[in-house]
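J.: Sequence positions in the sequence shown follow my numbering and run 7 to 364.
No lab work stands behind these hints, which were simulated from the structure alone.
Some hints could be false.
Below are the EDC-like pairs computed for lysine to aspartate or glutamate, each with C-alpha atoms no more than 16 Å apart in a straight line [as the list claims (entries may be wrong)]:
| # | residue 1 | residue 2 |
| --- | --- | --- |
| 1 | Lys270 | Glu287 |
| 2 | Lys321 | Asp189 |
| 3 | Lys270 | Asp312 |
| 4 | Lys321 | Glu223 |
| 5 | Lys335 | Asp212 |
| 6 | Lys302 | Glu223 |
| 7 | Lys191 | Asp212 |
| 8 | Lys228 | Asp168 |
| 9 | Lys228 | Glu309 |
| 10 | Lys321 | Asp217 |
| 11 | Lys191 | Asp209 |
| 12 | Lys270 | Asp311 |
| 13 | Lys91 | Glu157 |
| 14 | Lys213 | Asp189 |
| 15 | Lys167 | Asp189 |
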Amino acid sequence: MTTLSIILVLALLLVVFGLLFRLQILTAIFSGSSNRQVGVSNRINAILFLAFLVIGGGLFAWSFVDNYDKMNPPIASIHGLATEKMFWTTMVILGIAFVLTQVLLFWYSYKYQHNDKRRAFFFPHNNKIEVIWTVIPAIVMAALVFAGWKEWSRIMGPAPKDAVVLELMGKQFNWLLRYPGRDQKLGVVNYRLIDASNEFGFDLSDKNGLDDFTAGEVHVPKGHPVLLRIRSRDVLHAVYMPNFRVQMYAVPGMPTKFWFTPTKTTDEMRAQTGNPNFNYELACNQVCGRGHFAMKMSIIVDEPDDYVNWYAQQKSFSEQNPDVLASFKQKSDKLVEKATVAPAAAAVVIPTAAKASL
Numbered sequence: 007m008t009t010l011s012i013i014l015v016l017a018l019l020l021v022v023f024g025l026l027f028r029l030q031i032l033t034a035i036f037s038g039s040s041n042r043q044v045g046v047s048n049r050i051n052a053i054l055f056l057a058f059l060v061i062g063g064g065l066f067a068w069s070f071v072d073n074y075d076k077m078n079p080p081i082a083s084i085h086g087l088a089t090e091k092m093f094w095t096t097m098v099i100l101g102i103a104f105v106l107t108q109v110l111l112f113w114y115s116y117k118y119q120h121n122d123k124r125r126a127f128f129f130p131h132n133n134k135i136e137v138i139w140t141v142i143p144a145i146v147m148a149a150l151v152f153a154g155w156k157e158w159s160r161i162m163g164p165a166p167k168d169a170v171v172l173e174l175m176g177k178q179f180n181w182l183l184r185y186p187g188r189d190q191k192l193g194v195v196n197y198r199l200i201d202a203s204n205e206f207g208f209d210l211s212d213k214n215g216l217d218d219f220t221a222g223e224v225h226v227p228k229g230h231p232v233l234l235r236i237r238s239r240d241v242l243h244a245v246y247m248p249n250f251r252v253q254m255y256a257v258p259g260m261p262t263k264f265w266f267t268p269t270k271t272t273d274e275m276r277a278q279t280g281n282p283n284f285n286y287e288l289a290c291n292q293v294c295g296r297g298h299f300a301m302k303m304s305i306i307v308d309e310p311d312d313y314v315n316w317y318a319q320q321k322s323f324s325e326q327n328p329d330v331l332a333s334f335k336q337k338s339d340k341l342v343e344k345a346t347v348a349p350a351a352a353a354v355v356i357p358t359a360a361k362a363s364l
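Please model the complete structure; the sequences and the hints are all you need to start from.
T.: Set out below in structure tokens:
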């Protein structure tokens, strides 16, 4: 029996139990014993409130502890430590408030259950209490928002000038990646130029793009800032790198960015986790279609010297695709021919106003 089937069976049992309980109450009302029946059902409900609090709280605590490692993969970036600290500070504050309010809610439901011998106390308003539970949460929330804004501004601000720049483009259903060449400048791309042999849309008439190259996996150097330039070719995607605490949307028609500094190489993380097959992962965590599950790419964090060696071995897109480069050269030659012919033709045309002046 699948998990879904078990959930459906339990839901149906709860519905049946509820209907039987209501039927019992209606029967008691018609038989004249409604007061006694309401008292019994009220005590049962009060006890169930406490049972739900204890059992539900216990299951929540067990689930949290059991899945803690899955929710918190090892951190491998500088800003990830600050983000993690901010996250858990927020969770502790909200967790204390949540537990306190829920315990009081269920305990009051039990303690102040209906009793014919007790009169309810009418307490309409109290200015002091209103100020306390408005001002204190406002101050706490403002402090949390300010801390989040400060960290967000840092990682979304200008990247260091010596940052390694790479561009990620999401499409259904994989990632495309390109690096600048020796000039460290990414060339122009144009979506109108995208085809089977030019998936990125390289515009090789731009000299800055002649040495750009693509790669099948992300390589970044340890201890060096990395600037991700992010785009989407079709629908909404998201760049998600859990170990680096990086997440940024890839939005069609709106380039985004994110910069971070990795602190542990892939080999160091393999040693730390005890998993020789460990790899950092780039995944799309926005459901973008039928093949969403396939949008993954490996990330290799190298020692700086190893990164330099890997970078030096890469061949530019234009070098690997001479046919694409040749087509751009042909277009360029035609434009040059038109440019040389057009001025000569224009020279023999004298505007009417100019003739009159002569």
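J.: Against the earlier hints, flag every one the structure doesn't satisfy and list their numbers going up.
T.: Nothing - there is no hint that the structure violates, so all of them hold.
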